[in-house]
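Student: Below, each chain spelled out in residue letters.
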Amino acid sequence: MINIDRLSFSYGKLPVLSNISMDLQEGRIYGLLGGNGVGKTTLLTLLAGLKKPLGGEILVDGLHPYDRLPSCLEQQYFLPDSLDALPMKAKSFAGNFGKFWNNFSMDVFLEAMRDFDVDAELRMDRMSFGQLKKCYVSFAFACGCKYLFMDEPTNGLDIPSKAQFRKALMKYTSEESTVVISTHQVRDLENVIDPIIILDGRDVLVNASLAEISSKFFFDYSNIVLPHSLYSEMIPGGCIQVMLNADGAESKVNIEAFFNAVISNKELVKSLLGQDANDIKE
Amino acid sequence: MDYNTFNLRRFGRFFVTDFKTAWADLWIKFVIFAASGIIIYVLTGSFSLLLGGHWHSMTMFGRTLLFVFLLVLLPVVMSIGTYGRLTDRKSGSPYVLIPASVPEKFLSMLANVLVVVPVAFSVVYLGLDWLLCKVDGGCGRPIAGGGIYELVRGLTEEISSNPGAESLKALFNPLLYVDDYFGFILPFLLGAIFFRNGKFIKTVGVLMVVGMAISAIVIPLTLRFTDTLVSSGSFADLPEFLTNHFVLMDTISDTVVNFLLLGGIYLRLNTIKH
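Chain order of the listed sequences is A and B. So for the first sequence, this note's numbering puts the first residue at 1; every next one is plus one. So for the second sequence, this note's numbering puts the first residue at 1001; every next one is plus one.
Treat the hints as calculated values from the structure; they're not laboratory data. Keep in mind the model is a prediction, meaning the values are calculated, not measured. Among the hints, a few may not be true.
Said to hold, decoys possible - In silico BS3-like pairs for lysine-lysine, Cα to Cα no more than 30 Å straight-line:
1) Lys13(A) to Lys1090(B)
2) Lys1202(B) to Lys89(A)
3) Lys1202(B) to Lys13(A)
Said to hold, decoys possible - One side of the interface only, derived from the structure: several residues of chain A facing chain B at Cβ under 7 Å:
4) Ser71
5) Phe78
6) Pro80
Cβ atoms here follow ideal geometry from the backbone N, Cα and C, with glycine treated the same way.
Can you make the complete structure from the sequences, with help from the hints?
Tutor: Below, the structure is given as structure tokens:
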């Protein structure tokens, strides 16, 4: 399990994350959402151990990731948004580097590469950005890590590959894995990510499962514009509206609409789902 | 030893992977460097033939100087080109997050830069030089065929035959220069993983500043020391004192500097952030 306790980080005098606390449970695929510059990538790099917290701490199974102990690094893989093309074949890359992760499977790598329709014999420095991304995504799945941190993994993927990514995510991550995916492309991962974490202005606004969100908010897809909605948006064939779920009615969560509702009703949402609510529950 | 500190098997795996990755990046430069002895030999000989009408190219002394120059330059180029990528987020993050300990990464880096690449380069360069001298009889003795040994021995005997200069013989011990060799490369390795850009220029700049600072301290001290010797009437003993203790002083100072540089490299590897 990952415990984040009063985590703070800043770039020089510019604070990015301030006093953030949350636990990330096993067997979940977390969607890390937020506007530009709110600290999503910073949080992922802190979780991976690429940065040192300036305040508070992160514990991954009781270890500080920034210590970068092999026993901690073996349990995780971080897929950054931009990637380096090594001057070698994809298969050689996987063979060379995969051996450092105990659960690495070359069969999984080759299968995932086939699923993504990328030739594993192709040199990485001759791949397009999308092919390179698929290569690294395949490698990330093949490592069989307990913790997988992915920054914008669907950026640069073509439409069939986005569907393939969702399938691969469900297929190759084990039930004990904790996956944290930072993304702006929520539609690419709508049926995959659960729970949702929304960062804003150095703070965690939401860390809740879709079931919790659905129990507190109602998503209306009718043609009638409702005056009390927290957020409404016209879509082809009608509109989508987010409202407080006063009577416990069931509805399908639309993550993009929910995100927009959260951003325009921060305090209300935070009191219902955020840290304040968690504190009250505890 | 603790699994998280050093594991021999994992170190072996990391060293091989590190070398393969470095080699994939370095091999073209390596081939050019290793073949440059022959290339320059042929070029100078061709110019001589065209302009002077007869074939005359680099002597063994010239080829040796070029060999020593490239032997220093190649690890510097490798440090900046291959390990310099560690400061780049795209290339450096995967390296930092490979499940191997910092001591393993540190030792692998040193082994590649200070041992494997220079030794491999020496073998190939000297092998090609030997072949060259087999093909062209006017080439003289190959460097590795005793030529360099004769050169050093001749120079040593010539100098040490002068009255009062016998102790200078110690300066021609090749082992004396191994720490100097490391001391020349290590600052560039540190600069490569410390500076995010302008690695070579910034390293040279820092070396110049440090050199000036050390001179500012050492020169007044030396002058004061010689003044003391002059006033005590023992100035005549100074040259003998310096030459007798040169090897020891040089080794101690180089070792201290090299350990400081190694400490800096380790620290930087341990704390690099992206």
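Student: Compare the structure with each hint and give your call.
Tutor: Evaluation of the provided hints:
no., hint, result
1, Lys13(A) to Lys1090(B), "25 Å, holds"
2, Lys1202(B) to Lys89(A), "34 Å, violated"
3, Lys1202(B) to Lys13(A), "26 Å, holds"
4, Ser71, "6 Å, holds"
5, Phe78, "6 Å, holds"
6, Pro80, "6 Å, holds"
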